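There are 2 protein chains.
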Amino acid sequence: MQEKGLLIVLSGPSGVGKGTVRKEIFSQPDTMFEYSVSATTRLPREGEVNGVDYFFKTREEFEKMIQEDRLLEFAEYVGNYYGTPVDYVRETLDAGKDVFLEIEVQGASQVRKKFPEGLFIFLAPPSLSELENRIVTRGTETEEIVKSRMKAAREEIEMMKLYDYVVENDQVELACERINSIVVAEHCRRERVQYRYKKMLEVD
Amino acid sequence: MQEKGLLIVLSGPSGVGKGTVRKEIFSQPDTMFEYSVSATTRLPREGEVNGVDYFFKTREEFEKMIQEDRLLEFAEYVGNYYGTPVDYVRETLDAGKDVFLEIEVQGASQVRKKFPEGLFIFLAPPSLSELENRIVTRGTETEEIVKSRMKAAREEIEMMKLYDYVVENDQVELACERINSIVVAEHCRRERVQYRYKKMLEVD
Numbered sequence: 001m002q003e004k005g006l007l008i009v010l011s012g013p014s015g016v017g018k019g020t021v022r023k024e025i026f027s028q029p030d031t032m033f034e035y036s037v038s039a040t041t042r043l044p045r046e047g048e049v050n051g052v053d054y055f056f057k058t059r060e061e062f063e064k065m066i067q068e069d070r071l072l073e074f075a076e077y078v079g080n081y082y083g084t085p086v087d088y089v090r091e092t093l094d095a096g097k098d099v100f101l102e103i104e105v106q107g108a109s110q111v112r113k114k115f116p117e118g119l120f121i122f123l124a125p126p127s128l129s130e131l132e133n134r135i136v137t138r139g140t141e142t143e144e145i146v147k148s149r150m151k152a153a154r155e156e157i158e159m160m161k162l163y164d165y166v167v168e169n170d171q172v173e174l175a176c177e178r179i180n181s182i183v184v185a186e187h188c189r190r191e192r193v194q195y196r197y198k199k200m201l202e203v204d
Numbered sequence: 001m002q003e004k005g006l007l008i009v010l011s012g013p014s015g016v017g018k019g020t021v022r023k024e025i026f027s028q029p030d031t032m033f034e035y036s037v038s039a040t041t042r043l044p045r046e047g048e049v050n051g052v053d054y055f056f057k058t059r060e061e062f063e064k065m066i067q068e069d070r071l072l073e074f075a076e077y078v079g080n081y082y083g084t085p086v087d088y089v090r091e092t093l094d095a096g097k098d099v100f101l102e103i104e105v106q107g108a109s110q111v112r113k114k115f116p117e118g119l120f121i122f123l124a125p126p127s128l129s130e131l132e133n134r135i136v137t138r139g140t141e142t143e144e145i146v147k148s149r150m151k152a153a154r155e156e157i158e159m160m161k162l163y164d165y166v167v168e169n170d171q172v173e174l175a176c177e178r179i180n181s182i183v184v185a186e187h188c189r190r191e192r193v194q195y196r197y198k199k200m201l202e203v204d
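These protein sequences, in sequence, are chains Z and C.
The opening position of the first sequence corresponds to residue 1 in the UniProt record's numbering, with each subsequent residue numbered one higher.
The opening position of the second sequence corresponds to residue 1 in the UniProt record's numbering, with each subsequent residue numbered one higher.
These aren't lab readings, by the way, just hints derived from the structure by calculation.
Any given hint might turn out to be false.
[Stated by the list, open to error] To spell it out: a stretch of chain Z is covered by chain C in this simulated footprint if at least three of its residues, at any positions, have a beta carbon under 8 Å from a beta carbon of chain C; those stretches are:
id	stretch
1	25-31
2	107-118
3	148-155
4	158-165
This one's a predicted model, so the numbers in the text were calculated from it and none came from an experiment.
C-beta atoms are modelled at their ideal positions from N, C-alpha and C, and glycine is treated no differently.
Same shape as in the complex, but just chain Z (with noise of 0.2 Å):
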């Protein structure tokens, strides 16, 4: 009997630093989570080694890979595909490891559509937490200015909706404590553990 694994989906705005907080995650020795491996069309570099730093598909075996539904997500970027497999995502599940994801938002609404149970974190700009600073001392900027911050304000805030968590982007070491604890308390909820054992009792 192996439980299943955790698909954690890091995402958020961008420039918010989700990259550094990925590399964070996985440069800690104790790191527990499988970090998922994007396809693409692009090249490789130098030393990209495919399997590893990403798979390297030719656009046509991509794009039959988009009509047999076997991308978590994708999108064109500069004349070339980027996306994530589904299998190598489930097959880690399965597997009984967590899996993790560093993707833009809008993967992340495609990701959400095709696996709601996933644990979907929005990373914040430390900024959104400063608009009562920003908002109390307006009186300094320019009015074009404040209603410029407060459309983006809103627009993040918004973005926030399709996810379980915010993990604000103070500092990249809290952040990842943050991902960390979110990930160990999902491991404890009632309705997973209390399935476990069920099925445990049903093994008699």
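Given chain Z, put chain C in place with the hints provided.
Just chain C now, with coordinates in the frame of chain Z:
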């Protein structure tokens, strides 16, 4: 604008080590929780301080608290009342601090009714997760012993229903770490965080 604290309720079958876990949590210098002081009608022992160890009450005072619904939960034990005054809990939560309650399962189910938004953590005996081994090796045990173990396990698993999280008390330090992680994670839940941001925007 003050965000409310979390009410953390630690409970579990008797003998599971709730008191030990609670003491370990409060022995940590950086613990962020406030311990909920109980009320009792028993006499203070030497060195016990009113308002620190217990709120010491007369039987008359305690029964007045019951009538006025000023206890989150209470029970009578060896001729004395023990209970959790609701005022202290509410005031501490309103001040934005997390309150930690360590109580028996009967008390926890009373608290759940009055404080459904609390964070209910079930401390599980490590023996539970050895269920499988015990079932597999039952050939070496009498039918009687196997049956009574299965019954106890079923009852303990049944108790979990009320709770949000299950923490196995395999090692006190690990159990405390998990509890701390659960609280960190709960503070990152989107509903809590998004609501906070939205409130900030409303100020505008």
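Taking a Cβ-to-Cβ distance below 8 Å as contact, does the stretch 25-31 of chain Z have at least three residues touching chain C? violated (count 0)
Quick check: do three or more residues in the stretch 148-155 of chain Z have a beta carbon closer than 8 Å to a beta carbon of chain C? holds (count 3)
How about the stretch 158-165 of chain Z: do at least three of its residues have a C-beta closer than 8 Å to a C-beta of chain C? holds (count 5)
Count the residues of the stretch 107-118 of chain Z whose CB lies closer than 8 Å to any CB of chain C, then report whether that count reaches three. violated (count 0)
Comparing the model with each earlier hint shows violations of hints 1 and 2; every other hint is respected.
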